[in-house]
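**Student:** Below, each chain spelled out in residue letters.
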Amino acid sequence: MTPFNYERASDISEAVGKPQFIAGGTNLLDLMKLGVETPDRITDITRLDMKNIEDHEGGLRIGALVSNSDLAADMRVRQTYPVLSRALLSGASGQLRNMATTGGNLLQRTRCYYFQDKSSPCNKREPGSGCSAIGGVTRLHAILGASEHCIATHPSDMAVAMQALDALVEVEGKDGSRRIALSDFYRLPEDRPDRETVLEYGELITAVVLPPAPTGKQTYRKVRDRASYAFALVSVAGIVSMQDGKIAQVALAFGGVAPRPWRDLEFEAALVGRAPTRETFDAATDILLRDASGQGGNDFKIPLLRRTLRAVLTELCEE
Amino acid sequence: MKTTLTINGNTHALDIDPRTTLLDALRNHLDLTGSKKGCDHGQCGACTVIADGRRINSCLTLACMMDGVEITTVEGLGKPGDLSPLQDAFVRHDGFQCGYCTPGQICSATAMLEEARAGWPSAVTDNLEGETVSLGNGEISERMSGNLCRCAAYPNIVDAIREVSERKEVAE
Ligand SMILES: Cc1cc2nc3c(=O)[nH]c(=O)nc-3n(C[C@H](O)[C@H](O)[C@H](O)COP(=O)(O)OP(=O)(O)OC[C@H]3O[C@@H](n4cnc5c(N)ncnc54)[C@H](O)[C@@H]3O)c2cc1C
Ligand code: FES
Ligand code: FES
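These protein sequence lines are chains Z and A, in that order. Quick note on numbering: this note's numbering labels position 178 of the first sequence as 178, and the sequence is numbered without any gaps. Quick note on numbering: this note's numbering labels position 2 of the second sequence as 1002, and the sequence is numbered without any gaps.
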């Protein structure tokens, strides 16, 4: 680790505008040890008053410091947003979930091997240096939304469930607070993969707001290289409601396949109003995967996504 | 920088580089070498300690962020002649071979039993809304997946934990 000055913020207004927040530290310290992140000042935000989960506008307002384990265990989340509990519980380990926070989870960086290896060129770490993953080992990499400059995936499970739930991110900046739809929060890599979100320097995430829970069944299905304590190769957060034997409403988000939690409204529209048959699922999935492309090592994700999605839809459409 | 840590009920005033992790503070500055360093990246669980009742990876925690927090390490759970129920069960069930992962396993399991008692579900719990959970082998394995054992003593580790969790249920 390179040396840094440590400072602790005692209230939200004091923290805003400060460099390099640290919350649970599980991603930042990991990357600092690898020399991937080299802040010369860090601002400890763990004592700020952002640890509550409140009933809010018919939904929930989750403070940015709520731990992943407290959020997963909250009875309101378990009952009304089970997709979110399930996604959180499928991530990391018991120890890490106790440390990991809601804000930090959203902002965790990619697990791309080359991003984490300082000796490899990486446009995300060092803009303009090139992408070592393209033509390299690509088992973890994106099949959707990538660019010729970066093919990294976003690793969060929590954010995938929140994407299906139409969550909003509440942030506090120098000019006051604003709410950003999670669907507008992450940028695609294009030619600037180092810019991952729309946050400005020094903006603090204060909360995530969940709108009232949608009707229907919810589930989270994660496929990975071992049964637990591994990142997703493919994951699906699904919410489906049925009416008279037809699909009435859907929200589906995908993890492990793109630079951000992936959602495609055109694909969802192709499911609505139809009977839940394999033909319906396959035709809609063709739309979802219309621009999908593999890099060799991750080609398997295209059929894996199709099959995982089919399993999820079959489960959720059962009346 | 100056910081104060509370470990196993004792207070320690330290003057350390802010880069010092809790794990390095324990091992290098306080001579508490029970907590082990396997990976130093949150991937193995050998460094697990209990902070205000919750298990955490001490390798991904800065010591200077932990003032005011009650930390328990394996040394604080029991001693020879006065072992904690899990320490005792690990010995009787032969829940280790080289023993390197064991302090982390025992700290993790100690806090994990409290999580289960509080009704926290896991990724393999069928009914998310249940108030109670019962710890079969599948639940124990999932909840302990953050502790790797390179010697693969897993079956005996699970047996030791299950025995203590069943005894707790009977006692209640
Ligand atoms: C071995 C291992 C396995 C893992 N497996 C999974 C997995 O399967 N699924 C999964 O989803 N995740 C997994 N994780 C990642 C884990 O979920 C993240 O590390 C964690 O959620 C990050 O949260 P934190 O509070 O520790 O963030 P920190 O490390 O404290 O911060 C991360 C980033 O967020 C910024 N930040 C934090 N809080 C705020 C805020 N309020 N406002 C603005 N910026 C902020 C920090 O400045 C930093 O840049 C794993 C991690 C490890 C080490
Ligand atoms: S040493 Fe901390 S998890 Fe491996
Ligand atoms: S007993 Fe050797 S690593 Fe677990």
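Calculated directly from the structure, the hints in this document are not laboratory data. Treat the hints with care, since some could be wrong.
[Stated by the list, open to error] Counterexamples of contact, computed for chain Z against chain A with all Cβ distances above 10 Å:
| no. | residue |
| --- | --- |
| 1 | 90 |
| 2 | 147 |
| 3 | 303 |
[Claimed, not checked] Calculated cross-link-like contacts (lysine-lysine; reagent style PhoX-like; alpha-carbon spacing at most 25 Å):
| no. | chain 1 | residue 1 | chain 2 | residue 2 |
| --- | --- | --- | --- | --- |
| 4 | A | 1002 | A | 1037 |
| 5 | Z | 174 | Z | 18 |
| 6 | Z | 51 | Z | 217 |
| 7 | Z | 246 | Z | 217 |
| 8 | Z | 217 | Z | 174 |
| 9 | A | 1079 | A | 1037 |
| 10 | Z | 33 | Z | 118 |
| 11 | Z | 33 | Z | 18 |
| 12 | Z | 18 | A | 1079 |
| 13 | Z | 118 | A | 1037 |
| 14 | A | 1079 | Z | 118 |
| 15 | A | 1079 | Z | 33 |
A virtual CB, placed ideally from N, CA and C, is assigned to each residue, including glycine.
**Student:** A separate judgement is required for each hint: does it hold in the structure or not?
**Tutor:** Structure-based check of all given hints:
1. Distance to chain A contradicts residue 90 of chain Z as a non-interface residue, since its nearest Cβ pair spans about 5 Å, not more than 10 Å.
2. With 10 Å as the threshold on Cβ separation, the claim that residue 147 of chain Z sits away from chain A holds: the shortest Cβ distance comes to roughly 28 Å.
3. The non-interface label for residue 303 of chain Z is consistent with chain A: the shortest C-beta to C-beta separation is roughly 24 Å, beyond 10 Å.
4. A hinted pair counts as satisfied when its Cα atoms are at most 25 Å apart, and residue 1002 of chain A with residue 1037 of chain A qualifies at roughly 24 Å.
5. About 10 Å separates the Cα atoms of residue 174 of chain Z and residue 18 of chain Z, which keeps this hinted pair within 25 Å; it holds.
6. With a CA separation close to 29 Å, the supplied pair residue 51 of chain Z and residue 217 of chain Z exceeds the 25 Å bound.
7. Simply put, residue 246 of chain Z and residue 217 of chain Z have alpha-carbon atoms about 14 Å apart, close enough for the 25 Å limit, and the pair holds.
8. At roughly 40 Å between alpha-carbon atoms, residue 217 of chain Z and residue 174 of chain Z are farther apart than 25 Å, so this suggested pair is violated.
9. Between residue 1079 of chain A and residue 1037 of chain A the CA atoms are separated by roughly 21 Å; this keeps the pair inside 25 Å, and the hint holds.
10. Restraint check: the Cα-Cα separation between residue 33 of chain Z and residue 118 of chain Z comes to about 11 Å, which is no more than 25 Å; the hinted pair holds.
11. A C-alpha spacing of about 22 Å is found between residue 33 of chain Z and residue 18 of chain Z, which places the hinted pair at or below 25 Å, so the restraint holds.
12. Proposed proximity of residue 18 of chain Z and residue 1079 of chain A is contradicted: the alpha carbons are some 45 Å apart, above 25 Å.
13. A hinted pair counts as satisfied when its Cα atoms are at most 25 Å apart, and residue 118 of chain Z with residue 1037 of chain A qualifies at roughly 23 Å.
14. Our distance criterion of 25 Å between C-alpha atoms is broken by residue 1079 of chain A and residue 118 of chain Z, whose separation comes to about 43 Å.
15. Between residue 1079 of chain A and residue 33 of chain Z, the direct Cα distance comes to roughly 34 Å. Violation of the 25 Å bound is thereby established for this hinted pair.
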